[in-house]
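S.K.: Here is what each chain is made of, one letter per residue.
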Amino acid sequence: MKCDILLAGVGGQGILSIAAVIGHAALSSGLYMKQSEVHGMSQRGGDVQSHVRISSREIFSDLVPHGSADMILSVEPMEALRYLPWLSPYGWIITNSQPFVNIPNYPDPKAIIAEIEKRPRHIVINADELAKAAGNSRGMNMVMAGAASLFIDIPLQKMEEAIDALFSRKGADIVKSNIAAFRAGREFAQKKRG
Amino acid sequence: MVEKMVMLLGDEAIAQGAIDAGVSGFYAYPGTPSTEIMEYAQQSKEAAERGIHRQWSANEKTAMEAALGMSYCGKRAMVSMKHVGLNVAADPFVNAGVTGANGGLVVVAADDPSMHSSQNEQDSRILGSFALIPIFEPSSQQEAYDMVFAGYEMSEKYRTPVLMRLTTRLAHSRAGVVRREPLPQKELKLPEDKRQFVLLPGIARKRYRILLENQVRFLEESEKSPFNRYVDGKDKSRGIIACGIAYNYLMENFPDGCPYPVVKLCQYPAPKKMIERLVKETKEVLVLEDGQPMIEERLRGLLDRDVTVKGRLSGEIPRDGELNPLLVRRALGMPETTGEPVPSIVAPRPPSFCTGCGHADAYHAIKEAIKEAYGDGHIFSDIGCYTLAALPPFETINSCVDMGASITMAKGAADAGLFPAVAVIGDSTFTHGGMTGLLDCIVEDSNVVIFILDNSATAMTGGQESHATGRLKEICKGLGVKEEHIRILTPLKKNHEEMVRIIREEIEYKGVSVIIPTRECIQTLGRKNKAKGGK
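So the sequences go chain by chain: A and B.
Per our numbering, residue 1 is the first one in the first sequence, and the count goes up by one each step.
Per our numbering, residue 195 is the first one in the second sequence, and the count goes up by one each step.
If you're looking for bench data, these hints aren't it; they were derived computationally from the structure.
A few of these clues could be false.
[As the list claims (entries may be wrong)] Across the chosen pairs, the derived CB separations fall in these ranges:
{"no.": "1", "chain 1": "A", "residue 1": "E58", "chain 2": "B", "residue 2": "D609", "range": "51 to 61 Å"}
{"no.": "2", "chain 1": "A", "residue 1": "G14", "chain 2": "B", "residue 2": "I636", "range": "39 to 49 Å"}
{"no.": "3", "chain 1": "B", "residue 1": "P587", "chain 2": "A", "residue 2": "R138", "range": "53 to 63 Å"}
{"no.": "4", "chain 1": "A", "residue 1": "N105", "chain 2": "B", "residue 2": "E678", "range": "43 to 53 Å"}
[Claimed, not checked] Pulled from the structure, derived: some chain B residues nowhere near chain A, Cβ distances all over 12 Å:
{"no.": "5", "residue": "G245"}
{"no.": "6", "residue": "P376"}
{"no.": "7", "residue": "L582"}
[Said to hold, decoys possible] If you want a taste of the chain B side facing chain A, the calculated C-beta under 7 Å gives, among others:
{"no.": "8", "residue": "R363"}
{"no.": "9", "residue": "S367"}
{"no.": "10", "residue": "R368"}
{"no.": "11", "residue": "Y443"}
{"no.": "12", "residue": "M445"}
{"no.": "13", "residue": "G515"}
{"no.": "14", "residue": "N518"}
{"no.": "15", "residue": "T531"}
{"no.": "16", "residue": "E534"}
{"no.": "17", "residue": "V536"}
{"no.": "18", "residue": "I539"}
{"no.": "19", "residue": "V540"}
{"no.": "20", "residue": "A541"}
{"no.": "21", "residue": "P545"}
{"no.": "22", "residue": "S546"}
{"no.": "23", "residue": "G550"}
For every residue, glycine included, the Cβ atom is placed at its ideal position computed from N, Cα and C.
So here's chain A without its partners, still in its complex pose (with noise of 0.2 Å):
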């Protein structure tokens, strides 16, 4: 088992949230991880991402390699698309549909997702409003991660535990409605895929 996952977002969206769920998860179902993350400078607002690697076997590079991401899984949809070199020409595309807004010269959302939608493989969710309806309005990562988990080989179990362990400090109210968002984002998923 492999899984190599290109997160992205806007510094302040909270991507590592996404990252700490599925990392916990691997390391409880006894698999290889490696996470690379961006502190800094990018953070005030800048373009972020994460590495997330994921395997059965040793993992060397904190990297992922150009072309061979299997996921690209972005909490916005312009950033998406900026992470397109490392992704496998048989790699997904899961993004959020709604834009994070803090440059002059954003494009037209509209196109953007029309040359997401140019890919073959791919899951444009509206995750604010699928959060808002799962009851959790901050919840639009867990979402993302819901989305994510029906193409990682991880059991559902396994990923419902690790949103509960990183968590469980805020109270139960805040688990159950961070596993709403999430198995919400996993059922459009999966109708979508087919």
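Based on these hints, arrange chain B on the given structure of chain A.
M.R.: Leaving out everything else, chain B in the frame of chain A:
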């Protein structure tokens, strides 16, 4: 099945390694990508229980000196910094090689090739080699952890400081680390030779000779180090030297084993015998190193003959920037793997001030009172979040060189006749490296306007405490700034007109003015409010 392990960033593995190796004190100044070493130590319950010192220092030089003082007392100390921080600490760092250590002393420098968050991409191995001390360069988080133990052992065996060098990618990447049984801290025990640390010429000459004599032993240690390895390969058409994390990028391209002989080089001085064998048995040598071509240059030598060496200098690998699996693949002449190019619709998204940041309000006033009144070219800035004023919509600052340089460059410019000559520096940067420059201005009563943007945090690196908090006015007064020319403002939109007026007044004053716009970083404030609300 992976063994039970903890997930740690490279930085965290180093901190945990030090805690487990019986360190008694961490010393540091925040700097990407080294910050998380101290932060981890500060958050560690074990470190708290063990009473380990883990407070930020004013700058890397004071941190290095305090660590040396702890080592003098026979205890293990760790001092960590980013690569450019090692320049600040260079004086005590190089001289610590000469004094030697007593208790184990590990100096950690985290380099930033590709300058993700830095002003340059200098390679700390070169400074370590300049100081003639052993260097460890981990290829993985586990090795980072293990090397701390090895580093302390070596440091105490030869009474020498050792340098641990890593790069951004390992510092900020997480992987499983298996911990060891923690060791107790050392007892306080002064050096046997009470003059060991007195670098008077007569003693320094003796100490320096000891350091030189130790070079042979350091080399022997490298030859037998578990971190250095000769891995033979069938294909002798080339040999490869892979330093630190570069080893991973090499092996990523050969998951079933590299066909060429490889020297995995993670402890310096470079193991000569291993490299000799590689040169002898292979037709050419490819050097993979993240940072500057230190090993490549040395292998070529002054006359660059006898050995065919490939690497950054020959163009197989770009001369600058960090390595990655693809660059190594290209250097090996293997077919490229890459996805599609980035579509042209994607716009760059540079970092920017947070919404509601006080620096932005301060810069609106600075821009109006200075750039728009006197033209572009008067504002020397410094290193921190406020450097972002170089980018749109401000494009207001004219320099960012090193910690504290804003004030002294403004002074030099004023000396040259520039009017107005303005400095913009952050509160933490001011206490790091700006105070002495201000003193220079006071002594000559230079005609400068100095802004100390006080957000009560070391913000760019994540909002660490600032030594300046609550002390700025007293420091400026104490250094000799006239009280009526220390102007404290609250940078808010509603105060814009007042700020512009005060700036204009201070420009007109022919002497040293210090303007201190004071408003807490909204990130640290938000965290504090959240913590309050949560409890």
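S.K.: Now look at each hint and say whether the structure bears it out.
M.R.: So, going through the hints one by one against the coordinates:
no., hint, result
1, E58/A <-> D609/B: 51 to 61 Å, "holds (60 Å)"
2, G14/A <-> I636/B: 39 to 49 Å, "holds (46 Å)"
3, P587/B <-> R138/A: 53 to 63 Å, "violated (30 Å)"
4, N105/A <-> E678/B: 43 to 53 Å, "holds (45 Å)"
5, G245, "holds (26 Å)"
6, P376, "holds (22 Å)"
7, L582, "violated (7 Å)"
8, R363, "holds (5 Å)"
9, S367, "holds (4 Å)"
10, R368, "holds (5 Å)"
11, Y443, "holds (6 Å)"
12, M445, "holds (4 Å)"
13, G515, "violated (13 Å)"
14, N518, "holds (5 Å)"
15, T531, "holds (4 Å)"
16, E534, "holds (4 Å)"
17, V536, "holds (6 Å)"
18, I539, "holds (5 Å)"
19, V540, "holds (5 Å)"
20, A541, "holds (5 Å)"
21, P545, "holds (4 Å)"
22, S546, "holds (5 Å)"
23, G550, "violated (12 Å)"
Consistency with the previously given hints fails for numbers 3, 7, 13 and 23, ordered from lowest to highest.
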